[in-house]
Amino acid sequence: MSGEETTPHMGLRMLAVLGVSLSLGGLAHWMNMDRSQVISCTVFFLIIMSTLMFWTFRLAIAFIGIGALMGLNVLDLPTFIHECKLDVILFLVGMMVTVGVLKELGLFTWIIQGVIKTHHMTGMKFVMILVFLSAFMACAVDEVTSIIFVATLVFQVCDTLKMRPTPFLMISVLATNIGSTGTMLGNPVGILIGQKVTPPLKFLDFLTWSFPIMVLVLVVTLFLLLYWYRRDIHLLSERLAARREMGLGLGPLVRVPYRRSLGILVGMLGFIALHHQMENWLGLAPNTVLIVAPLVVAGVLMVWRRERARHYIEADVEWWTLLFFMMLFAVAGTLEHTRVTERIAVGFQEAFHGRSWLLTPVIMVISAFGSAFVDNIVFVASFLPVVDRLGQTPLIWALLHGTCLGGNITLIGSTANIVALGMLEKRYHSHIHFFEWFRVGIVVGLISCLIAWGCIALLSPYMPTKAQRMGEPEVPVQMMEIVPDKEVTYVDVEKVTP
Amino acid sequence: MKKPGFQKTAASNHKINGVHFSSFFDPGQVICQTDTEDRNGIFREMLERLARQHGIAEWEKACQVLVEQEERYPALLGSQIAVPHVRLESIDTVVAGVVTSQKGIVYGKGVEPVKLLILMLVPKAAPGAYLQALSALSKACQSPEVAERISALKSGEEVWRFFYQQGMILPDHVCACDIMDPVKVKLQEHDTLEKAIDLFVRHGVEELPVVDKDEDLIGIVSAHELLRVCLPDYILWMDDVSTILNFEPFAELLRKENKTWLAEIMTSEYVTVGEEAPAIQVAKELARSRANHAYIVRGQRLVGVVALERFLSRILRE
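Line order of the protein sequences matches chains A and B. Here the first sequence is numbered in our numbering, starting from 1 and rising by one per residue. Here the second sequence is numbered in our numbering, starting from 1001 and rising by one per residue.
Bound conformation, chain B alone:
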């Protein structure tokens, strides 16, 4: 059996399908058990190290981008793990750096300190590379103890070997489940309009999925649909709405909101994508149906959601 060695730069020319994640770094790109708790300081230190090793000139600018990006969307992956990344034009391979900390790096307000930080530099010409890497990492880092175990390792070589032994092979493509977010708010089929309006107002969302007792997706209620219930076609025909300046149709809705079941305003026109479908399928469905959300399902069961703006952000910016 071939002894594991440092096999770097296997991911050249933007093709990273089937590549082992450990090939993106070597023990020299690992900062073990750092005492620094400052996230931005760690970013700087690691980027400087990677820049030296790979001849990256724009590392300071990359550092600035990284800090701003993590302020907006902290790239957390499970418990105590962060996988920030930055896209660079000057590289044509994925480069990674690993930082471990036993005390934990302070990553942001209300966020658990991070014990494992994997910083990735991704070629700009490979928009899916980061998501493919994230997909491989997320499968290996599902257990909450992973961060503890890696942060206990004493050397860069041990850390590298851990990654190698976990068999983190990058998938051929990014799946829908790799880019989805968990569904934070949803409605049950027996809920009333009153609850839907409460959730719309409280969470500032545009639409809410409705599930049955088995958590199967059965429809959505959108704020737009709600508006159309108050102002149906036959009212919209009128040019002069001065007679309804006091929102009479809304008052009517308010009066009966606790008697109106969601089924009355729920629509079955929504986009679903299987969790194992390629992520590009999400883009296709969103574009084809001009929808703002794609619901990710396992069979009929709702497992996540991809919002259009999050999709664009993940593919083009984050």
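Chain A with its partners taken away, still in its complex shape:
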């Protein structure tokens, strides 16, 4: 929201926020929800709408929303603290500190220089590198970190060649969002889903079921983007060739002592990848090592570079974002606490009873379009309990892919998009128009969601059921039956499907 916005304009927005939220609260009342459910729905929509309309005030709005929920006796302090999901927050803190240290140690400089000094670079080669680099960096160090470093590479190359950076920045962002589905580290959504489904997912689950889908989606998207931006890529090739003929590079190169930082990254990823085995060996609760590994690595690095330790905590950790996440998790947790999510899950169950195969595309479509317009972490935090209640493993992957791939549809669809747009505005004082993004975003979003859906449908029979993941006696194929206000029970799918 602009600081110069007029009071009547703000007033209209406030009225819209209140109108929509109260209407949805009324709808909840009409659906025979009880008092606490109606209040939690109304406040939830009030916060969601307010963050959409007054983005710069999102944290303040979330604080006030939490206060309102507590004041109305819908949320109590112990539930609030439980629902803040401190495990997810601490994991992100550890990752942010580690990434800050890796940046200072020159890891990302080394990666960018590796691209800059590539021999016989062409436009097509550059785009291919950009797509895979964005995606795999997102897999390793999360989407926001990835886009910050890849955008710097794009700006360096485009500035040197005097080219418009927008097409290449958009290519990077689209690839980053796709890559963020590859591992649990790719996106805060990944760690939230992995940690909060019942039972929690392992890092290896992501590598087994999500990473291959990501690679396939990425390759198809690469071809699509090569065609879509063929003119810009051709121009880039021409300018690269002209520069090469003059014996000029794309930027200065320095010797980077990258081995230490690469060792730290590989070590941390190894630590995280082996978390399940370590937890079994040490007799720890699921995902304890996964959550603690980045924190321990960050702690060791802070001891090693103690003179910079305070800087890493104060400057490299995005406290604003993390606090916003905590508040949103708590608000979304209230929906679960007041059993609103259970009601929705029952609704889904009744609507798709006997047609469980339809649930995957439905969840994917809802997630994709939901996260295209609402911050994807907000969407997942509120929708995850519903999906978790439905108890089908493929639906979890549908939620993950729908949310991350749906983030490509609009320019506000994911945090990576917003960060990249901010960098573009800061550097070039220019911005991407909504439809400039939407034209390519909707095509990439739809095609990638279709591929992901196809892959999930194909892999579904091989995916472990919820019971198998919990280590309970194996039941061939299960579908959950939800009985309101009662514990979840499982029935044989053969009995409920025609």
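I should point out that these hints are in silico values taken from the structure, not numbers from a laboratory. A hint or two may mislead.
[Said to hold, decoys possible] Pairs of lysine-lysine, BS3-like flavour, derived with a Cα cap of 25 angstroms:
1) B:Lys1195 - A:Lys162
2) B:Lys1124 - B:Lys1284
3) B:Lys1184 - B:Lys1213
4) A:Lys196 - A:Lys125
5) B:Lys1184 - B:Lys1109
6) A:Lys162 - A:Lys202
7) B:Lys1256 - A:Lys162
8) A:Lys162 - B:Lys1109
9) A:Lys162 - B:Lys1103
10) A:Lys117 - B:Lys1259
11) B:Lys1284 - A:Lys426
12) B:Lys1184 - B:Lys1284
13) B:Lys1284 - A:Lys162
14) A:Lys117 - B:Lys1256
15) B:Lys1186 - B:Lys1259
Predicted model, so just to flag it, every value in this text is computed and none were measured.
Position chain B against the provided structure of chain A, taking the given hints into account.
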């Protein structure tokens, strides 16, 4: 038609818009065809005369300030004309004194002797008054013969009448072109980085404008930008720069400096102000963009430059 008479003190209460320059002095405030060649002696003589006439007590201190100021920035206006001024708290009107010399007053090393010296006393509360007067004078004194013609006049009355007849009306506001300096060094669009570095080093400037064949301003090259070419973001991320202690990125730049066109490091982020825009527009643009230079243009054509420190000096000190 009304006969011209001495209409003094029309410029009271700091409002001097539309005032005739000749109203700032009368024939008694003119020293005609002086034989003195000593600049400081002339300052003293004229200030003493003005002080007597207008009851200015602090004239000796003003003289000292004037001498120091002219040592730093000789207030020359075209050929053989100087318009020094000093700001005083004790006056509320602009006061001028005119000195003419046929031999010329020695004004400083390497400076052509001055034949017309217009000394102005300006109220401190009117920071733009001097610039407005200078604007009016500069339009009338564009011709190189003006100083010769005035110095040939025999009496103070003739000198006063000359000024009156020239119609030197003070403008409503000071324009950007009134406070600009000429562009001493600039680059052509086809120049290489090598030439830019040479000019940076030789002239000790922070930035250089780049013009095309029509003298239109197309960008600037700044020393800061040059530094960022050597040390881009991805190198600045590193905390430990011990591996580049020998300035390797600079060596790379040096190696390719004669192959690198300015277009590669030129930036289009600079401040321009139209020459007829009010001078305050220059201040606004400098403040808003946090720039150190504003380029003054006629259409797209570069006609001058206002450096921040010169702007402050002109408005607040000179």
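Pairwise hint evaluation, Lys202 of chain A against Lys162 of chain A, where the allowed Cα distance is 25 angstroms at most: 45 angstroms, violated
Given hint Lys1213 of chain B paired with Lys1184 of chain B - CA-CA distance at most 25 angstroms: 17 angstroms, holds
Lys117 of chain A paired with Lys1259 of chain B [C-alpha distance capped at 25 angstroms]: Status holds; Cα separation ~18 angstroms.
25 angstroms Cα cutoff - pair Lys1284 of chain B, Lys162 of chain A: 30 angstroms, violated
Satisfaction of hint between Lys162 of chain A and Lys1195 of chain B, Cα-Cα up to 25 angstroms: Holds, at roughly 21 angstroms.
Given pair status - Lys1103 of chain B, Lys162 of chain A, alpha carbons within 25 angstroms: 59 angstroms, violated
Hint consistency between Lys196 of chain A and Lys125 of chain A [alpha-carbon to alpha-carbon, up to 25 angstroms]: 40 angstroms, violated
Given hint Lys1256 of chain B paired with Lys117 of chain A - CA-CA distance at most 25 angstroms: Holds, at roughly 16 angstroms.
Lys1184 of chain B paired with Lys1109 of chain B [C-alpha distance capped at 25 angstroms]: 20 angstroms, holds
Agreement of Lys1256 of chain B and Lys162 of chain A with the hint, judged by alpha carbon distance not exceeding 25 angstroms: Satisfied, since the Cα-Cα distance of roughly 17 angstroms is no more than 25 angstroms.
Straight-line alpha-carbon gap Lys1186 of chain B to Lys1259 of chain B, limit 25 angstroms: Roughly 19 angstroms separates the two Cα atoms, so the pair holds.
Agreement of Lys162 of chain A and Lys1109 of chain B with the hint, judged by alpha carbon distance not exceeding 25 angstroms: 47 angstroms, violated
Hint violations for this structure: numbers 4, 6, 8, 9, 13, all remaining hints satisfied.
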